[in-house]
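Chemist: Protein chains in written order, with our numbering: chain F, 1345 to 1482; chain L, 44 to 100.
No lab work stands behind these hints, which were simulated from the structure alone.
Among these hints, one or two may not hold up.
Calculated lysine-lysine pairs in the DSBU-like style (CA-CA distance at most 35 Å, straight line) [to be verified]:
#1 F:1482 <-> F:1381
#2 F:1482 <-> L:75
#3 F:1381 <-> L:79
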Amino acid sequence: MKTLLKSLLALLALLAVFNVYAAADLEVNTPGVNAIKNSMQARHGQLSAYYASGAVGLTMDGMIAVRDAGSVPLAARQAVNALVAAENQDRSALYAEIANANGHPEWQAEIRSTFAQRWVQRAQRGWWVLSNDGWTQK
Amino acid sequence: MRKVWMVLPLAAFALTACVTINIYFPAAAAEKAADKIIEEVWQIQQSDKPATVKEAK
Chain F
1345 MKTLLKSLLA
1355 LLALLAVFNV
1365 YAAADLEVNT
1375 PGVNAIKNSM
1385 QARHGQLSAY
1395 YASGAVGLTM
1405 DGMIAVRDAG
1415 SVPLAARQAV
1425 NALVAAENQD
1435 RSALYAEIAN
1445 ANGHPEWQAE
1455 IRSTFAQRWV
1465 QRAQRGWWVL
1475 SNDGWTQK
Chain L
44 MRKVWMVLPL
54 AAFALTACVT
64 INIYFPAAAA
74 EKAADKIIEE
84 VWQIQQSDKP
94 ATVKEAK
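Put together the whole structure using the sequences plus the hints.
Modeler: Structural data, given as structure tokens:
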């Protein structure tokens, strides 16, 4: 009986250690996450000018949206729309990938809202953010 | 046998602790992870945190 209890306790302690370890950090260094990250990084080279001009802004759900298509030359408008669509596809995939990589697909919505806050927080001054009150400039 | 009554609540507590940690979303860790990815995607230089910045890459 004593041995049984001891081994049970040891098992619990081991489990606790694993759980604390698992909770301490969120795994984001997976091939899937890195691929999406690189794709977004490459796209940012094209998007950053549109963030700065106000043509494109951040939304509070962790996505981006075209804010002022009129500020973009007619010839480039389609390209901007395509950039925004591709970026949003990558962002959705990123949130899902992080949730899956950590074994908790149900965390996707929370990861998305965490990112949404951090994107806005880290955005440069002058960039636009779409909240419930409409577009506001940071 | 008396020891069992001391160990059992402890074991129960440890078990619920495990479950609790696993169910709840690690908000702080998620923020950290998000910041790391955002810094890389937007290529933000950490000039406001000189202590942690490495000189050359």
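Chemist: Okay, which hints does this one fail, numbers in order?
Modeler: Violated hints: none; all satisfied.
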